[in-house]
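Student: Here is what each chain is made of, one letter per residue.
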Amino acid sequence: MNAFWIILTGSLVATCCSLLGCYLILRRMAMVGDAISHAVLPGIVIAFLLSGSRDTVPMLIGAGLLGVLTTFLIEFFHRYARVQADAAIGVTFTSLFAIGIILISVFAGQVDLDQDCVLYGEIAYVPLDLWLTDNGLSYGPRTIWTLGVVTLLILSFIVIGYKELFLTAFDPAYAAAIGISTSLWYYLLMTAVSLTTVASFESVGAILVVAFIVGPPATAYLLTDNFKTMLILSVILGVIASFSGYYLAVWLDGSIAGAIATVTGVEFILALCFSPQRGLLLKRRTLQPV
Amino acid sequence: MNEFLEFFSFADANVRFVTIGSILLASSSAVVGCFSLLRKRALVGDAVAHAVLPGVCLAFILSGTKNPFILLLGAFITGWFSLVVIDFITARTRIKEDTAIGLVLSVFFGIGILLLTSIQHSGNAAQSGLDKFLFGKAASLVGEDLIVFSVVAVLLLVATIVFYKELMLLCFDQAYARTIGFPVRALELLLTTLTVFAVVVGIQAVGVVLMAAMLITPAAAARFWTEKLPVMLLIAAVMGAFSGLAGAFVSYTAPSMPTGPWIVLIISLIAILSFAFAPGRGWVSRIIRQRRNRSRILDENILKLLYQVGELKENFTDAQSITELMQRRHLPQNSILKGLKKLQCEGFVSKQQNGWLLTEEGRIRGRRVVRLHRLWELYLTQYLELPSDHVHEDAETIEHIITPELEEKLMEELNYPALDPHQSKIPL
Amino acid sequence: MIIHVENPVVEVHDLTVSYDRKPVLWGVDLTLPAGALVGVIGPNGAGKSTLVKAIMDLLPTSSGYVRIFDKEIKEVRKKISYVPQRESVDWDFPASAFDVVLMGRYGSMGLFKRPGKADKEAAMLALEKVGMQSFANRQISQLSGGQQQRVFLARALAQNADIYFMDEPFAGVDIATEMAIIELLRIMREQGKTVVVVHHDLQSAVEYFDWIVLLNMRLVASGPTNQVLTQELLEKTYGGKLTVLTKVGDLLRKQEIPSREKQVK
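Protein chains in written order, with our numbering: chain A, 1 to 290; chain B, 1 to 428; chain C, 1 to 265.
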């Protein structure tokens, strides 16, 4: 049963991250996803200190705010202080992460968080943290519920805003010309990324969030030319990675998050070599540019 | 205070090691970081930092020892390999660089974590301490580490100095460097190697995530202070060294404080202050400049107004009341008053019983503004063929910024005109 | 020489546009007649694309206003279509030609709505008009430059707008495509649509357009082709830069002064 909960957790995180990741990598903003996933740390610590517990809601709020703040800071450094774009990303997330680590050290006695968990999570403990009612009834792991709700939110966001997200990613100038607000959809997307990061952070850690945001979408991008297929494919790849990553970790007796990230890399290499149209080893370029 | 003296006497060998180590690391990676920043590849350092972890673990698994040179060699190999992979993916597939960086970063690090945890769980007693590559342990640097750091730091600095010209051209104009026969590929490899060196060594002090800051942040901050590359390198190195020193000091006074994050926090603060206050490029100094401009514009508008009223009455010897001025152009009364007082201090106007009077200097300055206004109106109608009812608004701004040289040029191009498009006289 | 028309479809009044405080277009006054094929011509860096983007309110303007069909731009967005420069998008994007053309229908659909049968038919029809129906399912990166341009054009057609702005639609396309596009533009004109095209080739401009706008940091001329394409006006357009103007622009940026003084309230 434990294996089931862990794989389910991984798959839910994979679904949210990979769906949003498809938009991020096509907008060339993969590293913004990376930055957000690291920069939410101080938000989590502060929420922890203020609420005094590991309750999900304050954590979500604290880290969600930090996620949006990260986007805003990057934007601010870049646009108003005119710092070069990649440097703005680098400065923002490292300084926020440093603040997070310092806060953890300062309040070491009060904060039940350690650095390892920040980077590679505690997915193995997911099944232990059960949602119990007063009369002792168990509804299964708490994380599953949180992630389930977030997954539903992300799914409905993408279904509702499909057209707008698609168009603003492909051709923002045209989107603006026909009256679709590019900045509104940009910030909505970033809010969604923050929300996902935060919900996944505690259980899988920053590194797996990045791996899911970038890995499956990049692999799917090598395999298909259709955007909807890319979305679906990246979710499938993410789920497969969660599944096989779990057993790889069991076999090597190592970190589950690390193993899942490893598998996303393996998937990418396989796609890189054997993709039907773009594989490096399997070049069957039937469709040449006319 | 006592602690301060104690720290800076460097009597304690441990303090010495930590401080010197931090300074060396921070300044040498800052120098290398400048080049990656200028090549717009700042985040590549982040990927390398994550990619050294599997190398360290593999080296440990294969050799079974914790010999720092073997571990560093492993780190160096995977760090270097990660850059090759990024380049390969970007060049050979349609995947863009940011995605390639993110992918390499997370996958290499994932492998590293998998190996590290696997080693830790294997019960091998020799493994303890490997995780210093993960979060950095600047506070526990020992003499042996220091030797390695010094060697690498010196190596990096010497390489930068020797290949300074080539590296500069590589950052500035790669295509041009190629056409004049520079071995661009080899230079890229050199820069890659330097970056990996800096990362492999620095990571032991600040850890995987924060290593990116050691490369990017001082460089980004230094960029705001100068337009010259050598100066930029120097400023970045000094900033890096200072934050290294300050970080070591903080964790000396408060031993529970981690050195690495403090170094990063301090350098980040320096960077943010630079973004804000650096003269010229800084955000605040730009705002201050704008405010100063606004106040100058107000001054000049008041002088212009006084001049125009005088011109209208063909009389510059009688004082004008504020009401009269306001009739001609509506400016808020309190800002007119404030401006007039400031101008009085500067000797451009004098206060009389019944109002304000232009002094000789004030008249000259006011006349110049009026002249520039009319000249620009004439220029717009003649050269841009704008209708004469469109030019006033533009001239309201341009009258404040035209330099004497431009004024001369305008006069020349307009053939020393006497009248503006509205048939007003252009005062000489 | 600036010729104004009665009941213009596009009215530009005293438009100044700046990038980073440096004005790139100064005080443009312009009216365009309905049902015309308008060419916007000028040397590199003259502000041609800037003018088109500013008219569509895609760029902030320093002064002036624009009215289209005698209304604010926000009220008439649905009647306006835009063909951006081909290089402005990533053609590796995972989308088919049909997907891109279907985007032309997005503006008239609301949020939540998905493209219906009518939208798909309109998109297919637009692809047919540009002779690309057999490429509907082809991935856009596998199209040639000319074909990509046709897809962009089809997207604008699918929108069924009344006025079209096209940024360099003839750049880097083959002769066949150029001919096909111009034929299409003529048909559109006959249907009473107005088409504004940014164009860089003077020779073909004479043939293609019946109204020409000459631009070089300011409006040099606007009027019927035969009246505007004179030696004198062309020399004015292409004959060197206005150095004083450029220098003043640089000063504005350096000193961080907005190109129009804000009225002190």
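Think of the hints as simulated: they come from the structure by calculation, not from any bench.
Among the clues, some could well be false.
[Claimed, not checked] As a list, the in silico DSBU-like pairs of lysine-lysine whose alpha-carbon atoms are at most 30 Å apart:
| id | chain 1 | residue 1 | chain 2 | residue 2 |
| --- | --- | --- | --- | --- |
| 1 | B | K341 | B | K313 |
| 2 | B | K40 | B | K66 |
| 3 | B | K228 | C | K22 |
| 4 | C | K236 | A | K228 |
| 5 | C | K120 | A | K228 |
| 6 | C | K247 | B | K409 |
| 7 | C | K71 | C | K22 |
| 8 | C | K247 | C | K22 |
| 9 | B | K338 | B | K313 |
| 10 | C | K254 | B | K409 |
| 11 | B | K341 | B | K351 |
| 12 | B | K228 | C | K247 |
| 13 | B | K338 | B | K351 |
| 14 | C | K117 | C | K74 |
| 15 | B | K228 | C | K254 |
| 16 | B | K338 | C | K78 |
| 17 | C | K254 | B | K40 |
| 18 | B | K425 | C | K129 |
| 19 | B | K425 | C | K247 |
| 20 | A | K228 | C | K254 |
| 21 | C | K113 | A | K228 |
| 22 | B | K409 | C | K236 |
| 23 | C | K254 | C | K71 |
| 24 | B | K409 | C | K22 |
| 25 | C | K22 | B | K40 |
| 26 | C | K129 | A | K228 |
| 27 | A | K228 | B | K96 |
| 28 | C | K254 | B | K342 |
| 29 | B | K341 | C | K254 |
[To be verified] Just a sample of chain C residues kept apart from chain A, beta carbon distances all over 10 Å, derived:
| id | residue |
| --- | --- |
| 30 | D90 |
| 31 | Y106 |
| 32 | S141 |
| 33 | L184 |
| 34 | D201 |
| 35 | T225 |
Glycine residues also receive a C-beta, built at the ideal position from the N, C-alpha and C atoms.
Student: Any hints from earlier that this structure breaks? Give me their numbers in increasing order, please.
Tutor: 2, 4, 16, 18, 20, 23, 30, 31 and 32
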